[in-house]
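**Student:** Here are the chains, one letter per residue:
Protein chains: 2
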Amino acid sequence: MADKRKRRRSELNPEDEAQLPFKNKLKADSFILQILKELSDSSAVSSSSSSKTLDDLGLSSSCREVTDLSLSSVQATIESVILKIARSILSGNGFAFDVPSRSAANQLYVPELDRIVLKDKTALRPYANISTVRKSTITTRILQLVHQLCIKNIHVTKRDLFYTDVKLFQDQTQSDSVLDDVSCILGCTRSSLNVIAAEKGVVVGRLIFSDNGDMIDCTKMGMGGKAIPPNIDRVGDMQSDALFILLVEKDAAYIRLAEDRFYNRFPCIIVTAKGQPDVATRLFLRKMKMELKLPVLALVDSDPYGLKILSVYGCGSKNMSYDSANLTTPDIKWLGIRPSDLDKYKIPEQCRLPMTEQDIKTGKDLLEEDFVKKNPGWVEELTLMVKTKQKAEIQALSSFGFQYLSEVYLPLKLQQKDWL
Amino acid sequence: MADKRKRRRSELNPEDEAQLPFKNKLKADSFILQILKELSDSSAVSSSSSSKTLDDLGLSSSCREVTDLSLSSVQATIESVILKIARSILSGNGFAFDVPSRSAANQLYVPELDRIVLKDKTALRPYANISTVRKSTITTRILQLVHQLCIKNIHVTKRDLFYTDVKLFQDQTQSDSVLDDVSCILGCTRSSLNVIAAEKGVVVGRLIFSDNGDMIDCTKMGMGGKAIPPNIDRVGDMQSDALFILLVEKDAAYIRLAEDRFYNRFPCIIVTAKGQPDVATRLFLRKMKMELKLPVLALVDSDPYGLKILSVYGCGSKNMSYDSANLTTPDIKWLGIRPSDLDKYKIPEQCRLPMTEQDIKTGKDLLEEDFVKKNPGWVEELTLMVKTKQKAEIQALSSFGFQYLSEVYLPLKLQQKDWL
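Protein sequence lines correspond, in order, to chains A and B.
Counting along the first sequence from 1, when you hit position 2 you're at 2 in the numbering used here, and nothing is skipped either side.
Counting along the second sequence from 1, when you hit position 403 you're at 403 in the numbering used here, and nothing is skipped either side.
Watch out, some of these pointers could steer you wrong.
Which copy is meant is left open, because identical chains are indistinguishable; a pair holds if it fits in one copy or across any two.
[To be verified] Cross-link-like lysine to aspartate or glutamate pairs, in silico, EDC-like; alpha carbons within 16 Å at most:
no., residue 1, residue 2
1, LYS152, ASP68
2, LYS364, ASP217
3, LYS387, ASP365
4, LYS361, ASP237
5, LYS119, ASP55
6, LYS364, ASP171
7, LYS167, GLU369
8, LYS318, ASP171
9, LYS119, GLU349
10, LYS274, GLU380
11, LYS167, GLU349
12, LYS417, ASP341
13, LYS333, ASP241
Quick caveat, the hints were computed from the structure, so don't treat them as lab data.
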């Protein structure tokens with residue numbers, strides 16, 4: 001019976017070992033584990049030495065950054081802002097907020113830090129001016145609401161915040177935008193304000209951490225994994241015996257790796273935001289990187305958006321540049337799927353997709369970005385993508401069998417240290 | 001100091017107890033818990049008695065339903081389908097699949113079952129016909145791929161399946177559609193085929209279950225909760241001391257209830273699919289309802305889509321009607337936000353939104369649906385909504401303070417048995 005089953009498999013199954021490209025190049029797991037140990041060790045060294053700050057670069061007076069503040073500090077800072085305003089009113093000078101500008105012209109990419117930061121331009125937002133009276137009123141109201149959150153020690157979403165005063169805010173973009181202003185005014189991160197975004201990410205693998213006081217063991221989360229908590233301030237006590245963090249763009253690849261328990265064969269932590277990175281997942285990834293000092297390898301689609309997603313994790317997004325120091329994870333390696341992999345791994349022509357005009361334009365725009373330029377390997381790959389006008393999803397590897405990703409492609413990539 | 005803090009709160013805080021509508025109507029929790037116990041007991045009785053089948057209704061010959069099959073049964077069924085075809089070819093009759101029709105004309109709402117089912121019309125899909133040769137080839141290929149999944153005992157996504165033969169399938173809608181056909185041909189659920197959808201839902205509260213062999217305690221999942229596993233067949237051993245299941249439409253309300261640990265005050269299990277219900281969450285909800293025999297109370301937006309989402313959980317969606325018996329959860333109660341709540345709870349005018357033309361049309365269409373008609377309470381509410389042309393999100397309750405939902409609205413609803 002066992003024989004029959006085996007024979008039948010080899011007749012029907014197009015995923016035969018012999019036919020799987022490069023499977024014969026794979027060395028023993030112990031060899032690959034040795035490579036991962038070296039990577040992990042070097043990451044621990046570089047993490048502890050290379051974390052430069054704006055101060056080190058002499059930029060702290062010309063650039064603005066926010067930090068995590070405790071709830072009581074946020075409360076005290078709000079109170080002092082309001083007291084200052086009260087004094088200004090009493091001395092006959094009226095009332096105005098001094099608000100850091102978040103416009104594109106006030107943004108700067110700092111290569112030494114490898115992220116986008118906010119410069120120091122500010123704008124006055126006086127109450128006694130027809131063009132700013134609404135915005136200064138909204139600012140005051142948001143400060144008051146955040147003050148309440150501090151006192152109650154609860155978290156709310158941006159949507160909740162909007163609904164507390166629809167008459168004033170009118171639409172949510174207005175309260176959202178002023179919320180970012182308030183972060184800049186107080187000099188604290190948005191998560192310090194206890195205003196959170198909806199959670200989207202999941203994590204599975206060799207990680208233990210506490211979520212709101214409960215200890216979570218991510219090796220015991222089955223196939224579904226653990227939902228990443230929306231409030232990073234209640235996450236702590238991270239422990240891990242992983243050698244690296246595998247950052248995955250999409251759900252489908254995550255599910256494959258979780259079911260195959262890839263993290264047992266190669267000790268790692270697998271994390272995904274299921275597409276566009278949300279704030280909670282970005283904070284969680286950074287916290288893992290910082291506390292565990294592990295290298296981060298990224299598995300994204302081979303298209304301009306894959307690289308863009310990688311860059312948001314790595315360097316930040318422009319609309320939250322004031323918070324880039326807390327949201328970004330330095331030194332993420334681009335493991336795959338890279339444009340050069342398409343030929344190298346013989347991805348069949350019909351599994352590649354032609355890039356649209358928009359794709360090509362996005363790719364060319366990315367080539368102009370500083371954070372791409374500073375990495376020659378990335379420039380080379382992106383140039384190849386724009387030239388061949390071909391893209392491919394991670395799932396394209398399924399053309400060699402459903403488990404090609406976890407059983408051949410990823411192990412081989414690791415064995416060959418094939419990251420950039 | 002404590003005094004000062006207290007005083008300061010009552011000065012600044014617009015959420016003062018006295019101002020909160022209906023807070024004074026709330027009775028002690030013990031009173032509400034008694035009501036929940038009665039609800040839970042009656043649900044346990046009705047769950048075990050009222051589960052009628054097509055057979056009971058004399059419809060089993062004119063309607064078609066699929067069941068959960070074990071992997072080895074799926075494998076054996078595929079083999080017998082293929083053998084039958086081989087015999088047909090050898091006897092000179094060529095080869096054709098007999099495929100159940102999934103068109104709208106072949107759908108039926110059965111009031112006794114309170115769900116949509118598929119009637120018994122089938123269509124021949126011959127290979128030797130120019131109009132069906134592609135589809136019959138795709139069907140054969142999907143059968144072969146599913147056969148492989150059975151042998152390997154792994155799960156893949158629909159996207160993976162598509163990528164195994166892009167040349168043949170051309171685009172994913174084609175492989176997806178034939179996958180549903182294959183479920184009908186084999187008479188098994190899509191989850192029996194080991195083809196899964198991306199996970200989206202989360203669960204938190206008084207539930208313990210096993211996910212792929214790991215025991216998960218959902219009271220110890222912090223604020224993030226547990227991601228609902230994509231493959232229900234590896235979920236088991238459900239235990240709970242909850243009195244009801246709270247089904248929440250959106251993430252923001254879920255986060256509020258999870259942070260406030262609402263399930264500790266009123267023992268319950270809180271679950272959300274974060275918007276449109278996905279297959280994994282629907283299967284998970286049904287499994288909880290069936291195994292734990294708990295009542296399900298739904299908290300959705302007061303708009304036509306809220307009711308539509310409720311109906312998908314309850315009665316199924318048309319494009320998967322063949323699987324409605326396994327995907328639907330009977331007897332879900334509409335707790336809120338109901339159109340009559342807007343006035344009853346004095347939701348401020350500016351937190352209500354005018355319905356668009358499209359909203360009103362969707363509302364009117366729903367009024368024609370059998371599953372709405374059979375519930376007079378629902379008809380009344382929906383008629384009110386269409387008449388007032390007003391809608392409101394769950395978050396509109398935040399206008400009375402961030403915790404109004406968990407501290408006043410929901411407890412009062414439960415106390416008044418205010419569900420339909």
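**Student:** Determine for every hint whether it applies to the structure shown.
**Tutor:** Verification of the supplied hints:
For a Cα distance limit of 16 Å, the shortest separation of LYS152 from ASP68 qualifies neither inside one copy, at 18 Å, nor across copies, at 48 Å. Within a single copy, LYS364 and ASP217 get their C-alpha atoms no closer than 43 Å, and across copies no closer than 49 Å, so neither meets the 16 Å cut-off. Taking the closest pair of Cα atoms, LYS387 and ASP365 come within 16 Å of each other only inside a single copy of the chain (14 Å); across copies the shortest separation is 51 Å, beyond that limit. When the C-alpha separation of LYS361 and ASP237 is checked against a cutoff of 16 Å, the pair qualifies neither within a copy, at 44 Å, nor between copies, at 52 Å.
For the identical chains of this complex, LYS119 and ASP55 are intra-copy neighbours only, at 14 Å inside a copy versus 72 Å across copies, given an alpha-carbon limit of 16 Å. When the C-alpha separation of LYS364 and ASP171 is checked against a cutoff of 16 Å, the pair qualifies neither within a copy, at 35 Å, nor between copies, at 28 Å. Proximity of LYS167 to GLU369 under the C-alpha cut-off of 16 Å is found in neither arrangement, the shortest distances being 41 Å within a copy and 36 Å between copies. In this assembly of identical chains, LYS318 and ASP171 lie within 16 Å of each other by CA distance neither inside one copy nor across copies; the values are 22 Å within and 35 Å between.
Within a single copy, LYS119 and GLU349 get their C-alpha atoms no closer than 47 Å, and across copies no closer than 41 Å, so neither meets the 16 Å cut-off. In the homo-oligomer, the alpha carbons of LYS274 and GLU380 never lie at most 16 Å apart, since the shortest distance is 27 Å inside one protomer and 40 Å across protomers. Only between protomers do LYS167 and GLU349 lie at most 16 Å apart by alpha-carbon distance; the minimum there is 9 Å, versus 56 Å within a single protomer. In this homomeric assembly, LYS417 and ASP341 come within 16 Å of each other (Cα to Cα) only inside a single copy, at 14 Å, whereas the closest approach across copies is 61 Å.
Taking the closest pair of Cα atoms, LYS333 and ASP241 never come within 16 Å of each other, the shortest separation being 20 Å inside a single copy and 46 Å across copies.
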